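When you get a sec, could you build the whole thing from the sequences and use the hints?
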Amino acid sequence: MDVRWRRSRGVTETLAVAIPPDTAEEAFDFEALYRASRDDLYAYVASLLRDRAAAEDVTAQAFERAFRRRGSFSRRRGEPRAWLFGIARNAALDELRRRGRTAALDVDPEDVEAQAAPEDGAELALRRATVRTALAGLELRERELVALKFFGGLSNGEVARVIGVSESNAGTLIHRTLKKLREACHATP
Amino acid sequence: MRRPDQTEADPTVARELAELEAALRGGSADPALNDLVREVRAQRAEPGEAFRRELDERVRAGFPRRRSALGAGLRARARALRGTLGTRRMLLPAMGSAAALLLAVVVGASLLPSGGGSEETTTGLAAPQDGGAKREAGGGSAAQAPEETSGVATAPGTTDVAPGRRDRRVEREAQLTLSAAPDQIGDLADDVIAVTDRIGGIVVSSSVQSRGGGGASFELRVPSARLREALGLYSKLAHVESRTENAQDVTQAFLTIQERLDELTAERRGLLRQLATADTRNQTESLRARLRLANGEIASLRTQLNRARERTDFARVAVAIEPGTESAAGGSGTWTPGDAVQTARRIFEVLGAAAVLALAIIAPLALLALLAAGSLRIARRRRREQALSSSS
Numbered sequence: 065m066d067v068r069w070r071r072s073r074g075v076t077e078t079l080a081v082a083i084p085p086d087t088a089e090e091a092f093d094f095e096a097l098y099r100a101s102r103d104d105l106y107a108y109v110a111s112l113l114r115d116r117a118a119a120e121d122v123t124a125q126a127f128e129r130a131f132r133r134r135g136s137f138s139r140r141r142g143e144p145r146a147w148l149f150g151i152a153r154n155a156a157l158d159e160l161r162r163r164g165r166t167a168a169l170d171v172d173p174e175d176v177e178a179q180a181a182p183e184d185g186a187e188l189a190l191r192r193a194t195v196r197t198a199l200a201g202l203e204l205r206e207r208e209l210v211a212l213k214f215f216g217g218l219s220n221g222e223v224a225r226v227i228g229v230s231e232s233n234a235g236t237l238i239h240r241t242l243k244k245l246r247e248a249c250h251a252t253p
Numbered sequence: 162m163r164r165p166d167q168t169e170a171d172p173t174v175a176r177e178l179a180e181l182e183a184a185l186r187g188g189s190a191d192p193a194l195n196d197l198v199r200e201v202r203a204q205r206a207e208p209g210e211a212f213r214r215e216l217d218e219r220v221r222a223g224f225p226r227r228r229s230a231l232g233a234g235l236r237a238r239a240r241a242l243r244g245t246l247g248t249r250r251m252l253l254p255a256m257g258s259a260a261a262l263l264l265a266v267v268v269g270a271s272l273l274p275s276g277g278g279s280e281e282t283t284t285g286l287a288a289p290q291d292g293g294a295k296r297e298a299g300g301g302s303a304a305q306a307p308e309e310t311s312g313v314a315t316a317p318g319t320t321d322v323a324p325g326r327r328d329r330r331v332e333r334e335a336q337l338t339l340s341a342a343p344d345q346i347g348d349l350a351d352d353v354i355a356v357t358d359r360i361g362g363i364v365v366s367s368s369v370q371s372r373g374g375g376g377a378s379f380e381l382r383v384p385s386a387r388l389r390e391a392l393g394l395y396s397k398l399a400h401v402e403s404r405t406e407n408a409q410d411v412t413q414a415f416l417t418i419q420e421r422l423d424e425l426t427a428e429r430r431g432l433l434r435q436l437a438t439a440d441t442r443n444q445t446e447s448l449r450a451r452l453r454l455a456n457g458e459i460a461s462l463r464t465q466l467n468r469a470r471e472r473t474d475f476a477r478v479a480v481a482i483e484p485g486t487e488s489a490a491g492g493s494g495t496w497t498p499g500d501a502v503q504t505a506r507r508i509f510e511v512l513g514a515a516a517v518l519a520l521a522i523i524a525p526l527a528l529l530a531l532l533a534a535g536s537l538r539i540a541r542r543r544r545r546e547q548a549l550s551s552s553s
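In the order they appear, the protein sequences are chains A and B. Quick note on the numbering used here: the first sequence kicks off at 65 and runs consecutively. Quick note on the numbering used here: the second sequence kicks off at 162 and runs consecutively.
Think of the hints as simulated: they come from the structure by calculation, not from any bench. Quick caveat: nothing in here was measured; it's all calculated off a predicted structure.
Here's a subset of chain B near chain A, in silico, CB distances under 7 Å, partners left out: (1) E177; (2) E200; (3) V201; (4) A203; (5) Q204; (6) R205; (7) A206; (8) P208; (9) L216; (10) F224; (11) A548.
For every residue, glycine included, the Cβ atom is placed at its ideal position computed from N, Cα and C.
What follows is the structure in structure tokens.
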């Protein structure tokens, strides 16, 4: 039997189908992540550094690092938001190490006060001052948990991944911090 | 003492955490908690507008580097390399393995014995004061003949074993075994004789056998100064099965004979002078007897001297031609399937040895690298946590 392979004839159209990359599962929209996280990340970093200028630098640095490392991101290690906060945490702690000290509180108190409208009255101003004092009395680790939870809006699992503990441990730490914060608020005259 | 993890089972903790989650979503049943969440969030620092605009711009631009143009080229190359390696991290182990394999091949090739079944050995000079006996070189170990380790025969004309002594007298000899196809032995024998003539050598004896497998042997004398050249020419005639060279420094023995000859010559001149002035018959007879003894000894020493000179001026070369396979005979150039199989087997042996060596190199290095990376990671994490603690 004479079997001969021949080129196809009469083909007038080629259908090209894009092959999805193997790492499609790993990919994420960096700009969407940026838009959703910019202010939250800044608030978190500022609560760690308590220095507006340093917080801006570190926040920008964290986004840049995340942008350059976005190819190495793996969803197996958590959500992009937790990954981003982890990068920011490392950058902030490196900054703290460099400085060797905690800068004085630079989160402008006037801004906070200004957020309370005049009609809110003295009671609101007093309440905010109380909370601010209670927050200032927390340890840095506890303030970090407050920032991750209240400012960053991370779940306990995401907080756990950011600070490098188990999820149950993170829940316990958050609970303790919340309890301490509430006690401090009640104790503050 | 309870571990923190164990508190998760505490229903109170779980309930309060659930309440917190609800308050963060804005719907807790605890009004105080809702207030606390609101007030804490009111403490949140907000980035300035200028910072927002600048960061937005940088994100849109893909974080362009704001560095000097001087290092831009180098950084771009480094970035490209990092990108290549970063996106293809799987290549790193392969590249490392390839490098280690290459190293192992080089090391393995140098460790494996030189193949082909042929031997080429050279024995250094054996001076009489060091024992005098010639050292046989065939298959000798490196400890016996250091020159063998290089696998290259030492040039007989250039070996300096008695530095500072001029006019050294060295006896040299070499044995060479060639293999050739049985039908080529006759032609090869003619070539051996032709080479010997060309370099001014002497064929002392030769024997060519045509029966059986055939074979030939030659006892040759070639000028010592051209021994190296002669061996090179013989070796080119056919496949060399073995090659052995010996050298023995006989300068001391040569000088001893020479000095004794000089003494006797001087004594003979003295005796002749005494004989010319001898007065009595007895004196004359006595002097003549002593002259005869001196003449005899002088003649003997001159013979020894000539023989020694002859042995050092001409090297003894023994060439044997043995029947071998067609492929072993030089010049035939035939490449048989058997040769291919043998070569392939050899290649696989070398590759196998190289793989073992590569594994021996890669495994500890990889383990060390992993340990180092892990240690660095842990140390960095601890330093960061310390920063968190010390800044509280």
